[in-house]
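Enquirer: Sequence:
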Amino acid sequence: MFYAPSTGGFYDPAIHAEIPGDAVEISREYWLELVNGLSTGKMIVMNENNYPVLIDRPGPTPAELESIERYWRKQQIALTDPVVNRHRDEVDRWPTQLTPAQYIELQNYRHVLRIWPVGGELPLSEHRPAAPEWLASLPE
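Residue numbers (the working numbering): 1156 to 1295.
Quick caveat, the hints were computed from the structure, so don't treat them as lab data.
Using N, Cα and C, we set each Cβ at its ideal position, and we do this for glycine too.
Hints are supplied without guarantee of correctness; some may be wrong.
Said to hold, decoys possible - Below 25 Å or equal to it, Euclidean Cα-Cα: the simulated DMTMM-like pairs (lysine to aspartate or glutamate) are:
id : residue 1 : residue 2
1  : 1197      : 1184
2  : 1229      : 1260
3  : 1197      : 1167
4  : 1197      : 1177
5  : 1229      : 1288
6  : 1229      : 1219
7  : 1197      : 1180
8  : 1229      : 1177
To be verified - Simulated restraints on C-beta separations:
id : residue 1 : residue 2 : range
9  : 1213      : 1169      : 30 to 36 Å
10 : 1267      : 1202      : 45 to 51 Å
11 : 1252      : 1211      : 48 to 54 Å
With the sequences and hints as input, model every part of the structure.
Expert: Listed below in structure tokens is the structure:
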């Protein structure tokens, strides 16, 4: 068996007529170890001896984590827009009116969402602002 880093593929000379020039020979046992490692989420890289080895996949970059948290924040604001609009526009007709205290709490939550990334806690999701508990029980 061979492993070619240029293609990330395995080659069996009994099957493949052409094998990339950068391919290195590996035993069938090691091939199985590499394949099993791939199935558990690991990745193959070449070590300092130009031999394929398994490593853990790197986690998301800080920029990727920040993007995830900004998307979450945008979704949370969008989810509360209908509640704010109903409260403003349909106070007399909407059966589940917000109390003045709930409306203030909702607007404070939306404000915290908007300024949240500025606080230096991004991209740590455990620092996400908490929504008012009653918000989840409102009808859509």
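Enquirer: Compare the structure with each hint and give your call.
Expert: Going down the list of hints, with the structure as the test:
1. 1197 <-> 1184: Between residue 1197 and residue 1184 the Cα gap is close to 17 Å, so the pair holds against 25 Å.
2. 1229 <-> 1260: Between residue 1229 and residue 1260 the Cα gap is close to 18 Å, so the pair holds against 25 Å.
3. 1197 <-> 1167: Given pair residue 1197, residue 1167 holds - Cα atoms ~22 Å apart, limit 25 Å.
4. 1197 <-> 1177: 22 Å, holds
5. 1229 <-> 1288: 19 Å, holds
6. 1229 <-> 1219: 15 Å, holds
7. 1197 <-> 1180: Given pair residue 1197, residue 1180 holds - Cα atoms ~20 Å apart, limit 25 Å.
8. 1229 <-> 1177: 46 Å, violated
9. 1213 <-> 1169: 30 to 36 Å: Given a distance of about 35 Å, which is inside 30 to 36 Å, the answer is holds.
10. 1267 <-> 1202: 45 to 51 Å: At 47 Å between Cβs, range holds.
11. 1252 <-> 1211: 48 to 54 Å: Taking Cβ atoms as reference, residue 1252 and residue 1211 lie about 52 Å apart, which means the hint holds.
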